[in-house]
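With these hints in hand, go ahead and build the complete structure from the sequences.
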Amino acid sequence: MRLRAEPPRVTRLSRKVLAGLGLVASVGLGGALLYALQTRDAGRPNDELYSTENRSTADGLAGLPRDYSGVPQLRSAPYPVYLGPTNLKHPRSRTAGAATDRRTVSPDRVVAPASPNVLQAGAVIAAALITGIRSDLPGQITAQVTENIYDSPTGRILLVPQGTRIIGQYDNNVQFGQSRVLLVWNRLIFPNGRSIVLERQPGADVEGYAGLQDGVDYHWWDLAKAAGLSTLLGIGAELAADNDDRLIQAIRNGGQDTINDAGQQIVRRQLNVAPTLTIRPGFPVRVVVTRDLVLEPYGG
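Here our numbering is used: the first residue of the sequence shown is 3, the next is one more, and so on.
Just so you know, the hints here were simulated from the structure itself, not pulled from any lab data. Watch out, some of these pointers could steer you wrong.
[What the hints assert, rightly or not] Pair by pair, the computed Cβ-Cβ distance ranges are:
#, residue 1, residue 2, range
1, A114, I191, 56 to 66 Å
2, I169, A276, 20 to 30 Å
3, E201, A226, 27 to 37 Å
4, G24, V275, 33 to 43 Å
5, R111, R189, 28 to 38 Å
6, K227, V186, 34 to 44 Å
7, K227, V29, 12 to 22 Å
8, S181, L31, 49 to 59 Å
9, Y37, F178, 20 to 30 Å
10, V186, R270, 26 to 36 Å
All of these numbers come straight from a predicted model, not from anything done at the bench. Glycine included, each C-beta is placed from N, C-alpha and C at the ideal position.
This is the structure:
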């Protein structure tokens with residue numbers, strides 16, 4: 003009694019058969035290569051498309067002298083040519099020859115704060131975006147202060163309470179490779195309805211870098227589609243007609259150039275598309291104070 007079935011028989015190929023098949027395939031590939039490299043018009047004389055023996059001469063060149071001996075001589079001396087100013091010293095020499103500044107004391111003096119309720123330059127107002135940003139078009143943005151802001155001299159007087167609204171705007175002038183949105187703040191609206199103009203105070207991220215960075219869309223998929231369309235147009239122009247007919251070949255060449263130019267323009271136009279920058283609502287933002295703001299104590 004057998005517990006296992008008989009193993010399947012192994013079919014072995016002869017080495018002579020494999021060598022013969024390889025030889026036949028090599029001969030076939032070599033014959034196809036030789037046939038492809040043969041010239042179709044070997045036994046047919048070529049038509050002369052342009053003659054280089056009969057050269058046409060322009061009408062204006064027929065009346066000119068053959069060499070410089072026939073050129074008329076000038077009767078008077080040539081006029082002098084103005085070559086610009088002769089004093090062409092390097093701009094750095096002006097610094098070395100400048101007058102010495104003998105002032106050793108600065109004319110500026112320390113001034114007192116404009117008011118006890120002042121938020122001086124260099125202060126930072128923490129906020130979060132209420133509205134999002136998309137750089138396809140310029141627009142207005144709104145943010146809300148997330149921390150209480152106190153005066154700069156003492157740090158005990160509440161000037162900007164949490165919940166204050168900030169109104170600003172962002173720029174959509176985005177260049178290729180840019181990943182940050184430039185924004186400025188124009189107005190501060192307190193919860194009690196009073197407000198103050200900020201005069202385009204710059205916006206920054208949490209670390210103090212100018213602008214905000216969140217999402218960047220470089221439109222790679224659209225560029226890939228444009229490149230694929232240009233490639234398909236070029237392939238279609240190459241396979242449109244036969245090379246034997248000269249009229250069809252001329253038509254094909256003209257159409258091929260037009261189609262290639264159209265494909266290149268499509269790709270070039272897609273390359274000129276600026277990346278789209280997006281900032282989500284709720285993104286943290288900072289208002290960098292660049293001028294002293296005289297405010298009033300907030301009492302609710």
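Against the structure, the hints:
no.	hint	verdict
1	A114 with I191: 56 to 66 Å	29 Å, violated
2	I169 with A276: 20 to 30 Å	26 Å, holds
3	E201 with A226: 27 to 37 Å	45 Å, violated
4	G24 with V275: 33 to 43 Å	53 Å, violated
5	R111 with R189: 28 to 38 Å	33 Å, holds
6	K227 with V186: 34 to 44 Å	36 Å, holds
7	K227 with V29: 12 to 22 Å	45 Å, violated
8	S181 with L31: 49 to 59 Å	53 Å, holds
9	Y37 with F178: 20 to 30 Å	49 Å, violated
10	V186 with R270: 26 to 36 Å	33 Å, holds
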